[in-house]
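> Using the hints, position chain B against chain A.
Take a look at the letters that make up each chain.
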Amino acid sequence: MVRKPLPMNEMPNTVEKVTDMTETKIAARKVQVYYGDTHAIQDVDIDIQAKAVTAFIGPSGCGKSTFLRTLNRMNDTIDVCRVEGDIKIDGEDIYDPKVDPVQLRAKVGMVFQKPNPFPKSIYDNVAYGPRIHGLASKKAELDEIVASSLQKAGLWNEVKDRLDGPGTGLSGGQQQRLCIARAIAVSPEVILMDEPCSALDPIATAKVEELIDELRENYTIVIVTHSMQQAARVSQQTAFFHLGILVELGATQDIFTNPQDKRTQDYITGRFG
Amino acid sequence: MTETTLSPAPSSAETPAAPAKGKSLYALDKLTQKRNASETRFKAYGITAILIGLFFLVVLAVSIISEGTPAFTRTVVEVEFAVSQEQFDDAEKQLFKTRAYENLFISGLKQQLDESGVTVPFDEAAIERLLGKPGNTIRSFFRENPDQIGQPVGFELAASSRVDGYMNGRVTRDNIVDSRFLMKSDLDIADALVEAGIIKTAFNWNFITGADSGVDNPGGAGIGASAVGSFFMMLVVLFLSLPIGVAASIYLEEFAPQNRITDMIEVNISNLAAVPSIVFGILGLAVFIQFMHLPQSAPLVGGLVLTLMTLPTIIISTRASLKAVPPSIRDAALGIGASKMQAIFHHVLPLAMPGILTGTIIGLAQALGETAPLLLIGMVGFVARGYPDGLIAGFTEPNSAMPAQIYTWAARADYAFYEKAWGGIIVLLVFLLSMNILAIILRRRFERRW
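As given, the protein sequences belong to chains A and B, one line each in that order. Mapping of the first sequence onto our numbering: position 157 corresponds to residue 1100, and the numbering continues sequentially without gaps. Mapping of the second sequence onto our numbering: position 367 corresponds to residue 601, and the numbering continues sequentially without gaps.
Don't take every hint at face value.
Subject to a maximum C-alpha distance of 20 Å in a straight line, what follows is the list of computed PhoX-like cross-link-like pairs (lysine-lysine) [to be verified]:
id, chain 1, residue 1, chain 2, residue 2
1, B, K557, A, K1057
2, A, K1031, A, K973
3, A, K1050, B, K574
4, A, K1063, A, K1103
5, A, K1041, B, K574
6, B, K367, B, K331
7, A, K1063, B, K574
In case anyone wonders, no lab produced these hints; they're calculated from the structure. None of these values were measured; they are calculated from a predicted model.
Here chain B stands alone, though its shape is the one from the complex:
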């Protein structure tokens, strides 16, 4: 052995004798190879998992956007015509007043078509199929604005859902079946109107600001009213669950003695977090509405139910973040004579704040997307027929919430409502995203205090 170590510069043939020096660092032994291989495998699993996740995320985003965007556009028929005082008086005297206004509209439409040089034969029935019954809209406009009589007024009338579908490719000449809703011949009229610049696609503000419409009018449906319902519900949830949750967790974490009762409470809070939301819904129905006689379908009740649901989430995350504050900070405060409460409120809570905010936002996001308990307490979509008048009414007047509204739309027969449901999901996600961004900004501000 000593010979090999002493011999100067051993040739390559002699290297096998090297083991005397111990193992070479260049040659990987079996165990290391195995370990490296398993590490590489694990990394590959991880990357695959992330790729699968990303794939589904992309599919989700693409399908939501592609299905939902039509909800934000609407097909309108723009016609400008004047109604003279005589015509108005004459129409008001007739038995079928709206029919009289429709005739005025049709003559206006004819005139506009003539001006643009497009000719297409159409009759009243076809117009009704294309536009619903526009007479009522026109009549109520002139009754409310009598000063507009005699002047040319531009009307933007929503086209029927079939025409809307024809415009965005859902309805085609191949798949259309003649019915009282739309005839094949109507499509010729529609094409002519497009050519004349009378049918247009416009951004559907009504979808964002409007309220739910009847089952026969998907064009008029909007998510605004139920977004307001969701907003008021979130206010209730935030202002109840955050203080209650934080107070409960501070007590449990910092003050409560460690005994069997607190153990029981702890276990039950964790269990509560796993209770299906519909259970909270039926509880809310029984307690808040049937027993306490709070108004049915009100965002207040919805907020209370969702508060119950959110509390465990907030308590668990708050306790975790309180626990994560180093005990040396508590010692430091107590050591210079701060009371327990001072130590907690001056030092521990500010440090735990980012974690508490994260938990709160997760809880609120869950609450915002919750549908089942709302259906049980009557916050179904068709209730959201208008905006609440005033702040208090916002809490107590029947309203719906976005997810319940989406559910209601998705359950309706008309395909146009299905589109609205997707659009509603986009609005819901935007709402959620802005909530998250707000929370991130708040968290940053707390974190900046070292």
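Chain A on its own, in the form it takes in the complex:
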């Protein structure tokens, strides 16, 4: 079958920088997030590499999910939340008044902690994004997008015979992969994953992790996780957050074997958190 062409800006990358991984996709500088009077994120500077998996780890309430949600402006939906500082994706400030958050979210997709398929058919779940963004003009094209998205999400073989069945009727792990397929269907460049495996059993988790590893080839992935093993398994870059501060950022290997900061060391050795 014919593969859907990738978005323009991903084309040149595949040529040379697959192994290098030094290109920065998202650059954040001096990011502050406030919930009302609470200063939830303080002075976060981070560069997220393109076509790699970046893991955010840290104890509960450290702000890693909050920071993740600033990257596609999902925090806009919370009235009291205020974001300051600079977040640039491919050099464009995503908090610029010219930027429409809806357009941003098509470029920066999101997978949530709890699998949340729409109460519709499997097909409609995946087709919804392409439909509202006008990615397919014909039914055949839409079918093509749905099929390729489900294939990329590794769900195709399990659901190809029941695309009209309800998405909510799948198992938890399948539902989560359906949500990933749904996110992929709109051809995003970045996929944000907020603890995507926390509601799944180990086998489903393994499948999703495998999938993340495959997706890295085409997408920039940011994943928030509570499991340090998971961070170690799937990510190339790890950021450790603590009390709203980005404590340490580095190659995953370095963070887990040779942390620079005492707090990081304490956390990964299980002394707190």
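Only chain B this time, still in chain A's reference frame:
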């Protein structure tokens, strides 16, 4: 202590020493007994409450049905006779034309009595007491259908309300007082007519399809016209309050910023739901009729007033059902780049639909049963004298509504109208029930989409 645990199979005499092992599961302690007792008591309260409720429901249903069913039957006098062309011409020439037709009728009646072999003496006055003045009905029939002249025509004439009462047991020989309405001797005539098969009880279609009659003619009263008024009013209420209510609640729930102004609006909507309906009635009178000069007594105005009354109910229930849609669905839609409106209209609203429909049907049911505001804007029962001609006229022509009609009947002196009021309640309940069934069917269809 160890001894007891080690000793094999302790005899029953030794069991008191068992506490060492901890409490037995077989013996209920005081606290558990108390808890169980209070649970049993609470269940008993609940069952009693339900039984009381059921009792009153049954009493209500039985009394409505027993009091209301006579309204659906009517006593008719069936007489078949022919009027020749000469008789017709002759009658038309007379000064008292209806009297002439009455005489024709009476001779027809006599003939029919003779045929059936029942003899009973009666005079014109008695017939008038039994049947009102049938002459007019007969005359207008022949004037409208001149081709029927010369052929035998069967007439079904409504008996007077006293005779009707005699037939269904309301009026008896013991409680009757001789009056110009009915004499004791008339009952003999009635009995004879029953024996001859001339007086019959028939299903009163006129009650369902007819319009309100004058105070002196309960037999001719029907609820049809005011049911049509209610129907048009419900159309206005549905097509105004549902879109306005849903739009308002979507805005308040999903878009409006959380600040003091929206808080104020919220509190006031809840307050509005508690405003007595008659207040809305006087508001409608002042604003819609006196200020905007909309037609008086029109279902349009009634619908507008009831819309105001229904809106808070719909807004409150719609907001509650929007709130009940899990936020993860909104996140999912927003996360793949749906706009807020797309997320709401494609995902949230369909899921909230069953709840919205429930709220709407409760609001409509309230509006359907509302009487007080309608009386203020002139939709009283006696206005419903006929069907509106046409769709637009249905909204703008003076009409009444079922509850106002029932109220008007209940206030009338003739006991037969009281019966009509009960019958009207049955029709109202049937109307309401079919509305509810429709809503349940609609809700099922929405719910089936998982």
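> Does each hint hold? Answer for all of them.
Here is how each hint holds up against the structure:
Pair hint B/K557 plus A/K1057 holds up; C-alpha atoms about 19 Å apart against a cutoff of 20 Å. Distance restraint check for A/K1031 and A/K973: the Cα-Cα separation of roughly 12 Å lies within the 20 Å cut-off, and the hinted pair is therefore satisfied. In summary, the hint linking A/K1050 to B/K574 is supported, as the alpha carbons are separated by about 17 Å, within the 20 Å threshold. Simply put, A/K1063 and A/K1103 have alpha-carbon atoms about 16 Å apart, close enough for the 20 Å limit, and the pair holds.
With a C-alpha separation of about 18 Å, the suggested pair A/K1041 and B/K574 falls inside the 20 Å cut-off, and the hint holds. At most 20 Å may separate the alpha-carbon atoms for a hinted pair to count; B/K367 and B/K331 meet this at roughly 12 Å. Restraint check: the Cα-Cα separation between A/K1063 and B/K574 comes to about 19 Å, which is no more than 20 Å; the hinted pair holds.
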